[in-house]
Structures are given as structure tokens and as C-alpha cells.
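**Q** Those protein sequence lines, which keep their order, are chains E and B.
Take any residue in the first sequence, count from 1 to its spot, add 61: that is its number in the numbering used here.
Take any residue in the second sequence, count from 1 to its spot, add 82: that is its number in the numbering used here.
One should not assume that every hint holds.
Claimed, not checked - Ranges of calculated distance between the beta carbons of each label pair, as one might list FRET restraints:
#, chain 1, residue 1, chain 2, residue 2, range
1, E, M88, B, G142, 22 to 30 Å
2, E, K131, B, S90, 26 to 34 Å
3, B, S90, E, M88, 16 to 24 Å
4, E, A143, B, P197, 31 to 39 Å
5, B, V160, E, N126, 42 to 50 Å
6, E, E91, B, G142, 46 to 54 Å
7, E, E91, B, P197, 36 to 44 Å
8, E, T172, B, S92, 24 to 32 Å
9, E, T76, B, M111, 37 to 45 Å
10, E, A117, B, A123, 27 to 35 Å
11, E, Q78, B, Q96, 26 to 34 Å
Because the hints were derived from the structure by calculation, they are not lab data.
Built from N, CA and C at the ideal position, the CB exists for glycine as well.
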Amino acid sequence: NAGVTQTPKFRVLKTGQSMTLLCAQDMNHEYMYWYRQDPGMGLRLIHYSVGEGTTAKGEVPDGYNVSRLKKQNFLLGLESAAPSQTSVYFCASSYFRDTGELFFGEGSRLTVL
Amino acid sequence: DQQVKQNSPSLSVQEGRISILNCDYTNSMFDYFLWYKKYPAEGPTFLISISSIKDKNEDGRFTVFLNKSAKHLSLHIVPSQPGDSAVYFCVSASAGGTSYGKLTFGQGTILTVHP
């Protein structure tokens with residue numbers, strides 16, 4: 062049972078380049094989320110999805126786009142990367158009507174030069 | 083505006099002793115609180131939670147205390163073990179928020195338990 066899997070684990074980009082982070086979960090969860098973690102700031106919600114075909118903005122959505130074409134996958138895209146998007150990105154999933162217990166992936170470290 | 087604050091960036095404790103991690107929050111709408119634990123190079127994992135209608139919740143060596151009047155939350159680990167060394171995040175949510183994972187994370191406290 063893999064749980065939540067994120068790819069890639071590490072990536073270095075130049076300013077202006079684009080990329081996509083892939084999140085896959087095998088727990089049949091309805092809800093999926095993308096967070097970013099920056100030093101001294103905890104985790105902040107970027108975008109989330111409450112089901113296949115739906116997405117919504119979180120706390121820090123600017124500069125990111127997401128898609129949930131399949132229930133098990135949640136993609137996070139950066140169309141034109143900026144140094145301010147250097148961070149560690151975490152994907153998470155949870156059951157419908159969850160209790161706040163999210164299941165996180167191992168994280169993806171992105172550096173934008 | 084940091085709505086959940088963990089004012090101690092780090093805590094060092096001897097094995098077998100009690101670890102107390104503290105958290106303060108400012109939003110009175112928060113009605114559910116959680117602690118997450120994170121090891122290096124791994125994602126956070128859920129540890130324990132408490133609803134605002136309670137003032138204490140216990141799970142094995144872990145106990146969370148909630149003081150609503152002071153807007154203060156604490157996690158007690160007794161006895162502490164070297165394997166407890168990790169970053170601990172205090173997390174809060176408001177009604178409806180838990181259903182969408184709109185959790186507010188504190189900055190985290192690095193706990194080191196020495197053998």
C-alpha cells in the first residue's frame with residue numbers, strides 16, 4: 062500500500078520555466094490538497110480538491126494551477142516559475158467528512174534559480 | 083498574521099522525562115485542534131487531536147490539553163523516547179474547515195530526545 066506518492070522528489074528550475082508536480086493516492090480518498098512549507102512558516106494550503114473534476118483555491122494560490130482529472134491524481138503546475146516558489150511541496154489526501162487527519166506524501170523539493 | 087503560534091522553535095529533553103510542547107492561537111472560531119509529527123525527508127503524520135468541547139485527550143504516551151479561555155494548547159509526551167525526536171506542528175481548524183483540509187499550521191517545534 063503506497064499511500065500518497067509525489068513525483069518528482071527534487072527539481073531545479075530556472076526562472077520562467079514551467080513544470081508539473083504529480084500526486085497519486087491509492088486510498089480512494091475524495092479530498093486532495095497541495096501545501097507548501099517554507100522555513101519558519103509551517104505549511105500553507107495552495108489548492109485543494111473535494112472530488113474528481115473539482116478544484117478550489119487555498120491560502121496561497123497565486124502562480125499555481127491544479128487539475129484533478131482522475132480521482133487518484135492531483136497535479137500542481139507552475140506555468141512560469143519564480144524564485145519565491147522555491148519551497149518544499151506536500152500533497153495530502155483525506156476521506157470525505159474527515160476529522161482533519163490528512164495523509165501526506167514525502168514532499169517535493171523545488172528550487173527556482 | 084500568524085494565527086497559530088509555536089513560540090519555542092526547539093526543545094531538548096532527556097529520555098524518560100516529560101516533553102511539553104506549547105501552542106497559542108488567536109482565532110476564536112477554531113474548534114478543532116491537531117498535532118502532527120514530521121521526520122526529516124518525510125511528510126507530516128497525524129498524531130492526536132482534540133475538539134473544542136473537550137479540555138483533554140489522551141492516547142498512550144501522548145496527551146493534548148486545551149485551554150480555550152487562554153487560547154492555549156499543549157502536547158505532553160510521557161515518557162519521552164529518542165524515536166520521538168521530530169518536528170511537531172500544532173494545527174487548528176474551524177467548523178467546516180476540517181471537512182476541506184483547511185488547516186492552519188503553526189511554525190513547528192523541533193523536539194530532540196537525548197538517550
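**Q** For every hint, state whether the structure bears it out.
**A** Do the hints match the structure? See the list:
no.	hint	result
1	M88(E) to G142(B): 22 to 30 Å	24 Å, holds
2	K131(E) to S90(B): 26 to 34 Å	42 Å, violated
3	S90(B) to M88(E): 16 to 24 Å	34 Å, violated
4	A143(E) to P197(B): 31 to 39 Å	44 Å, violated
5	V160(B) to N126(E): 42 to 50 Å	46 Å, holds
6	E91(E) to G142(B): 46 to 54 Å	29 Å, violated
7	E91(E) to P197(B): 36 to 44 Å	43 Å, holds
8	T172(E) to S92(B): 24 to 32 Å	25 Å, holds
9	T76(E) to M111(B): 37 to 45 Å	39 Å, holds
10	A117(E) to A123(B): 27 to 35 Å	29 Å, holds
11	Q78(E) to Q96(B): 26 to 34 Å	48 Å, violated
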